[in-house]
Amino acid sequence: MTEKLVIIGNGMAPGRMLEHLLDKAPDQYQVTIFNAEPRVNYDRIMLSPVLSGEKEFEEIVIHGDGWYIKHDITLYKGHKIIAIDRTAKTVTSDHGVTESYDKLVIATGSVPFIIPVPGNDLPGVITYRDLDDVQAMLLAAQSREKAVVIGGGLLGLEAAAGLAGRGMDVTVLHVMPSLMDRQLDPAAGYLLQKELEGRGIKIICKANTKAIIGNGKVEGIELDDGRIIPATLVVMAVGIRPSVGLAKEAGLAVNRGIVVDDGMQTSDGNIWALGECAEVGGMVYGLVAPLYEMARIAASHLAGDRSPAFVHSDTPTKLKVTGIELFSLGDFTDGDDREEIVLRDASAGVYKRVVLKENRIIGTVLYGETSDGAWFNDLKKKATDISQMRETLIFGQAYQGGSPLDPMAAVAALPDDAEICGCNGVCKGKITSTITSKGLTSLDDVRAHTKASASCGSCTGLVEKLMTITLGDSYNPAAVQPMCGCTEFGHDEVRRLIKAKGLKTIPAVMQELEWKTSCGCAKCRPALNYYLVCDWPDEYADDYQSRFINERVHANIQKDGTYSVVPRMWGGVTNAGELRAIADVVDKFEIPLVKVTGGQRIDLLGIEKEDLPAVWADLGKAGFISGQAYAKGLRTVKTCVGSDWCRFGTQDSTGLGIRIEKFMWGSWTPAKLKMAVSGCPRNCAEATCKDIGVICVDSGFEIHFAGAAGLDIKGTEVLGLVKSEDEALEHIVALTQMYREQARYLERIYKWAKRIGLDEIRRQIMDDADKRKAYYDRFVFSQQFAQVDPWSERVSGKDKHEFRPMASVGFSQAAE
Amino acid sequence: MNWHPIGNITDIPLRGARCVKTPQGKIGVFRTAENEVFAIEDHCPHKGGPLTQGIVHGKAVTCPLHNWVISLETGKALGADEGEVRTIPLRNEDGELFIALESLMMAAE
Ligand code: SRM
Ligand SMILES: Cc1cc2nc3c(=O)[nH]c(=O)nc-3n(C[C@H](O)[C@H](O)[C@H](O)COP(=O)(O)OP(=O)(O)OC[C@H]3O[C@@H](n4cnc5c(N)ncnc54)[C@H](O)[C@@H]3O)c2cc1C
Ligand code: SF4
Ligand code: FES
Numbered sequence: 135m136t137e138k139l140v141i142i143g144n145g146m147a148p149g150r151m152l153e154h155l156l157d158k159a160p161d162q163y164q165v166t167i168f169n170a171e172p173r174v175n176y177d178r179i180m181l182s183p184v185l186s187g188e189k190e191f192e193e194i195v196i197h198g199d200g201w202y203i204k205h206d207i208t209l210y211k212g213h214k215i216i217a218i219d220r221t222a223k224t225v226t227s228d229h230g231v232t233e234s235y236d237k238l239v240i241a242t243g244s245v246p247f248i249i250p251v252p253g254n255d256l257p258g259v260i261t262y263r264d265l266d267d268v269q270a271m272l273l274a275a276q277s278r279e280k281a282v283v284i285g286g287g288l289l290g291l292e293a294a295a296g297l298a299g300r301g302m303d304v305t306v307l308h309v310m311p312s313l314m315d316r317q318l319d320p321a322a323g324y325l326l327q328k329e330l331e332g333r334g335i336k337i338i339c340k341a342n343t344k345a346i347i348g349n350g351k352v353e354g355i356e357l358d359d360g361r362i363i364p365a366t367l368v369v370m371a372v373g374i375r376p377s378v379g380l381a382k383e384a385g386l387a388v389n390r391g392i393v394v395d396d397g398m399q400t401s402d403g404n405i406w407a408l409g410e411c412a413e414v415g416g417m418v419y420g421l422v423a424p425l426y427e428m429a430r431i432a433a434s435h436l437a438g439d440r441s442p443a444f445v446h447s448d449t450p451t452k453l454k455v456t457g458i459e460l461f462s463l464g465d466f467t468d469g470d471d472r473e474e475i476v477l478r479d480a481s482a483g484v485y486k487r488v489v490l491k492e493n494r495i496i497g498t499v500l501y502g503e504t505s506d507g508a509w510f511n512d513l514k515k516k517a518t519d520i521s522q523m524r525e526t527l528i529f530g531q532a533y534q535g536g537s538p539l540d541p542m543a544a545v546a547a548l549p550d551d552a553e554i555c556g557c558n559g560v561c562k563g564k565i566t567s568t569i570t571s572k573g574l575t576s577l578d579d580v581r582a583h584t585k586a587s588a589s590c591g592s593c594t595g596l597v598e599k600l601m602t603i604t605l606g607d608s609y610n611p612a613a614v615q616p617m618c619g620c621t622e623f624g625h626d627e628v629r630r631l632i633k634a635k636g637l638k639t640i641p642a643v644m645q646e647l648e649w650k651t652s653c654g655c656a657k658c659r660p661a662l663n664y665y666l667v668c669d670w671p672d673e674y675a676d677d678y679q680s681r682f683i684n685e686r687v688h689a690n691i692q693k694d695g696t697y698s699v700v701p702r703m704w705g706g707v708t709n710a711g712e713l714r715a716i717a718d719v720v721d722k723f724e725i726p727l728v729k730v731t732g733g734q735r736i737d738l739l740g741i742e743k744e745d746l747p748a749v750w751a752d753l754g755k756a757g758f759i760s761g762q763a764y765a766k767g768l769r770t771v772k773t774c775v776g777s778d779w780c781r782f783g784t785q786d787s788t789g790l791g792i793r794i795e796k797f798m799w800g801s802w803t804p805a806k807l808k809m810a811v812s813g814c815p816r817n818c819a820e821a822t823c824k825d826i827g828v829i830c831v832d833s834g835f836e837i838h839f840a841g842a843a844g845l846d847i848k849g850t851e852v853l854g855l856v857k858s859e860d861e862a863l864e865h866i867v868a869l870t871q872m873y874r875e876q877a878r879y880l881e882r883i884y885k886w887a888k889r890i891g892l893d894e895i896r897r898q899i900m901d902d903a904d905k906r907k908a909y910y911d912r913f914v915f916s917q918q919f920a921q922v923d924p925w926s927e928r929v930s931g932k933d934k935h936e937f938r939p940m941a942s943v944g945f946s947q948a949a950e
Numbered sequence: 032m033n034w035h036p037i038g039n040i041t042d043i044p045l046r047g048a049r050c051v052k053t054p055q056g057k058i059g060v061f062r063t064a065e066n067e068v069f070a071i072e073d074h075c076p077h078k079g080g081p082l083t084q085g086i087v088h089g090k091a092v093t094c095p096l097h098n099w100v101i102s103l104e105t106g107k108a109l110g111a112d113e114g115e116v117r118t119i120p121l122r123n124e125d126g127e128l129f130i131a132l133e134s135l136m137m138a139a140e
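Taken in sequence, the protein lines are chains X and C.
135 is the number of the first residue of the first sequence in this note's numbering; add one for each residue after it.
32 is the number of the first residue of the second sequence in this note's numbering; add one for each residue after it.
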C-alpha cells in the first residue's frame, strides 16, 4: 500500500532526499511537496554565479517540472504551509490547501537574519537567500550606483563580488577585524581583503551599523562612529537562523533548530526534519555537505532501513568568487596544545597554514593555492600521524617522497577513500569505479551518476583529472572542450566571462582568465578578437594582428601567395558601368583569371599583394566596395529575378535581397554568413540551403535558417512567416544578432541552432517581440562601427606596411 | 659576413611580420609581442606558404595556408609536423635591423 508523504519546503536537502528515496523505494510513497518559493528545486549555492553573470538560472535548476511529472510528485509552488495539525495529520497552506499525511518531512531551511537597527525595513534593503533576491540585486545594479553589503562572510563577499562585477560601487561592512573570520585566520583574511580591494571593492572592518538611513528608500548607512556611507542598495548578509516557527507552533521539540535524533526523526514519530532547519547532536549546519548526509539518512529511514545514523564531520569552505582560491577546514584557533606550520609566498599571494595537535592535522587554511585541499582533508579525516613528513607537509602532496609529482600524478596517488567532492561527500574510489562500471565518458555523466562536482563545482578540475586517469586518452572532456591549448576554458565560458567581468581587450582576457601562453595562438586570438568586436562594438579596438591574413588584407590568399578580389555586387545585380570598370582593371593589372562565383558575383584571381590597393582604388572609383568574400561576416545575399520579371514571382525578391545586403554588410559574425531570397517556392536563389533564406509567398515572407551546403548538406528550418518586408528585415537582423552573441567562433548557424534548440530560437525571435527588438537594436548600434569599407580605408593609406616589402637588399651586389 | 640594413624595428607591427626581397627569395622578419626580432625564409616548409602573412604568437608563426606552426628561433615546424626553413642571422642595434646576406648567398650556392 502506498503511504502519503508530505514535504514542507523544496530546498536542496529534501530534493536530494527524494532522489535517494526514489532510488530505494520508488513506489512506497505518494509524494506531495509544498514550497513557499514559487519555483522548482534549484542549486541555491549557484546563485552567486547567476548574480555575477557566469550562469543562467536555467543552468542551476536541479529538478525541472518534467522531473516531478515523471515521478508523479505533486509540487505546490508558492504555497507556504501555515499550520501542522499533528492529531489530524494534516498540513494547510496559505492558499487554503489542506493535505493529509502518513509521514511528514519538514525542510524549511533558514531565514536570513536582519539586524535590528532603525531603517532595516526601508525599500532597497534586501537579504541574499533566493532567486528573488538575486533579481532584486540585478535590477538595482542597472543603476550602477552605490551598494553596501553588511557582512564580510561567505555570502556577503559573494554578493559584493557579484554586484561589483555588475558595475556597482560596493562597500562591505564587517563587524569583526578580518574578513570571513569564521573560516579564515587573520593572515588569510588580510590577503582576501587585499585581493577584493584590488578589484575595487571597499572594505571596512570593525564596522558597527547604527542605522540605515533614508527617506522612503535607502540612502545610506550610519556607523557607530558617526560615519555615513551613501548607498541605494543595502544587502544584509550577516547570518541565518533556522526556520523553526512552524515546528514550534506544532509543539515539536525545538532548540536552535528542530531537534532530531541521528535518524533525522523529530519528537513526533511520524515527522522528520532535515536541512538547515534541523538540529542534530546539538549542531545546526549551513553548508550542503552535511545536509546531503542528512538527506541520505532520512531517505533510508523513510524507506524502512533504520540503521544509518548521522555523524558529524567538518566541511571545507570555499569562496565562489572567480579567481579567488581559498580553502578552510576544521579548527585553526591558537592554543597551547597546538602547533602550526605556515608557508607564505608574498609575491605569489600564497598563504598556507596547517594546525596540528599531537602530530595530527586539526585545521587547514589555504589561500592563493588550494589544490592540496583534498589531501589535507584526507589526512585530517583519517587522523594520520604526520611526524614522518613534517618537513615537507606544508608544500603539499606533490613533495612527499622525493621528487615533485605533476598534478596528474598527485591525483593518481590519492588513496581511494580520499574525498574529492566536499559538497556531496564523494570519494575518489566511488568516482573511478562508477566510471568503469557504468562506462561513463563525459563529465555530465559522472555528475549524474556520482554527484561529484554537481553542486558548487569547485572540484571539477579534480574530477576531470580522475576521468583522464581512468579513461586515458579516450576521455574527451566534451562538456568543456577548451578553446585551445592556451586555456582550460571552453568558448561558451570565455564568452560569458568576457561579458560578466567586462573584459575589453585581448590582454585583459588572457590575464583575467589565466591564459597559459603569453600571447595566445592562431586558434584563440581570432576567436577572442571576434568576441570582443561583437560584445563591445563601440569600445573595442580591433586587433589586426589577431586576424587571419584574409581579414587583415581584405582579400583571399591563394595557394601561390597571390590574392583574389571579389567586389560586392548587391544581390547579384550589376550593370554596364560596373562591368566596364572590372574589364579595365583586369587589363591594367593583367589579372590572370576572371570567374563568376557561386555567390552571384565576380572574382578576380591571381593579384599580387602589392597591387591590391591600386586595384581597389580603381574599383572604388566605379562605386565598388569590398565583397568581404574572405570574412567571417556577411558574405552574399543571392537573389532571383522575382516579381519584377518572373511570371511566378510573388514579391520583389531582388529588391529585398539588396536591401538586406545593404543593411547588413560589414557585420562580423562567428562564421561566414550567407543568405538568399527566392521569389517563390521554386526557389531559384537556393534559399533553402543557406544560413538564412527567404522564400517569398503570396501571403508574405517565409523566413528560413540553419541550412548548409558545404561540408554538410542540410535543408533549412522554417523560422516563421511574416507579412511585410520591414518585418522580414527585422526578424533576419534579430536572428543574426542572437547568433552573433551566442555562437562559438567558426560555428555556423546550423550548428549553433542545433545546440541551442530551434524552438528556443523561434521563441526568442518570433514570439518575444521585446527580445527581438533588443537584438535588432544592438545589431543596428554595432553597424555604426562596422560599415566602413575596408578597401577605401586602405586606398587612403591604412596599414600601408601590409602591402609593401620592408626592404629590397642584395640586388645590386648580385648584379656586380 | 655582410650586414645589410633593412629598416627599423618599428616598421614591423608588434606580433607582426614584414618581408624583405632578396635575390635568393623572400625573407620574413618577425617581431614578437616581447619585442624580439627574428628573420627566417618566407617560405613554409609544407607547401611554400608565405609565413609573413601568418599569425605571430609567442616565438612562432602559424602559416596562413594550412596552419603549420613554425618556430621563429629554429625555423623548425612545431608539433606533429616535420620540416624546417632556414633562419637568417639578424642584428638589432637600438632598433636598427640588419640581416646577414652573404651567408645566405653562400648557403644558396
Ligand atoms: C569563389 C568561390 C567558388 C567559386 O568560384 O564560385 C568560393 C571559393 C572558396 N571557398 Fe567557398 N566559394 C564560393 C562559394 C561557396 C558556396 C556557394 C554559395 O555561397 O552559394 C559554398 C556552399 C555554401 C556554404 O557556404 O555552406 C561554399 C562553401 C565553402 C566551404 C564550406 C563551408 C562549410 O562550413 O561547410 C569552405 C571552407 C570553409 O569556409 O572553411 C569554402 C572556402 C572557400 C575558399 C575561401 C577556400 C579558402 O579558404 O581559401 C575559396 C576561396 C577562393 C578565393 O580565393 O576566392 N567554401 N563556397 C565562391 C565565392 C562566393 C562569393 O561570391 O563569395
Ligand atoms: C547565495 C548562497 C550561496 C551559498 N553557497 C554555498 C556553498 O558554496 N557551499 C555550501 O555548502 N552551501 C552554500 N550555501 C548554503 C546552502 O545553499 C544551504 O545550506 C542549502 O541550500 C540549505 O538547504 P535546505 O534544503 O535546508 O534549505 P533551503 O534550500 O533554504 O530550502 C528551504 C525551502 O523551504 C521553503 N519554505 C520555508 N518555509 C516554508 C513553509 N512554511 N512552507 C513551504 N515552504 C517553506 C523556502 O521557501 C525554501 O525554498 C549558500 C547559500 C546561499 C544563499
Ligand atoms: S570547392 Fe571551394 S574550397 Fe574547394 S577547391 Fe573549389 S573553390 Fe576551393
Ligand atoms: S604551406 Fe604552410 S602550412 Fe601548408
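Hints listed in this document are in silico derivations from the structure and should not be mistaken for laboratory results.
Everything numeric in this text was worked out from a predicted model, so none of it was measured.
Every residue, glycine too, gets a C-beta built ideally from N, C-alpha and C.
Some hints here could point you the wrong way.
[What the hints assert, rightly or not] Cβ pair distances, simulated, as ranges:
#1 C/Pro54 <-> X/Lys633: 48 to 56 Å
#2 C/Ile40 <-> X/Asp752: 33 to 41 Å
#3 C/Leu45 <-> X/Ser576: 34 to 42 Å
#4 X/Leu727 <-> C/Asn33: 21 to 29 Å
#5 C/Lys52 <-> X/Gln645: 32 to 40 Å
[Claimed, not checked] For lysine-lysine, the following DSSO-like pairs were computed, each having C-alpha atoms within a straight-line distance of at most 27 Å:
#6 C/Lys52 <-> X/Lys934
#7 X/Lys693 <-> C/Lys107
#8 C/Lys78 <-> X/Lys693
#9 C/Lys57 <-> X/Lys650
#10 X/Lys638 <-> X/Lys857
#11 X/Lys885 <-> X/Lys905
#12 C/Lys57 <-> X/Lys932
#13 X/Lys638 <-> C/Lys78
#14 X/Lys932 <-> C/Lys52
#15 X/Lys657 <-> X/Lys905
#16 C/Lys90 <-> X/Lys657
#17 C/Lys78 <-> X/Lys806
Inset, instruction - Could you tell me which of the numbered hints above are not met by this structure, giving the numbers in increasing order? - result: Numbers 4, 9, 10, 13, 15, in rising order.
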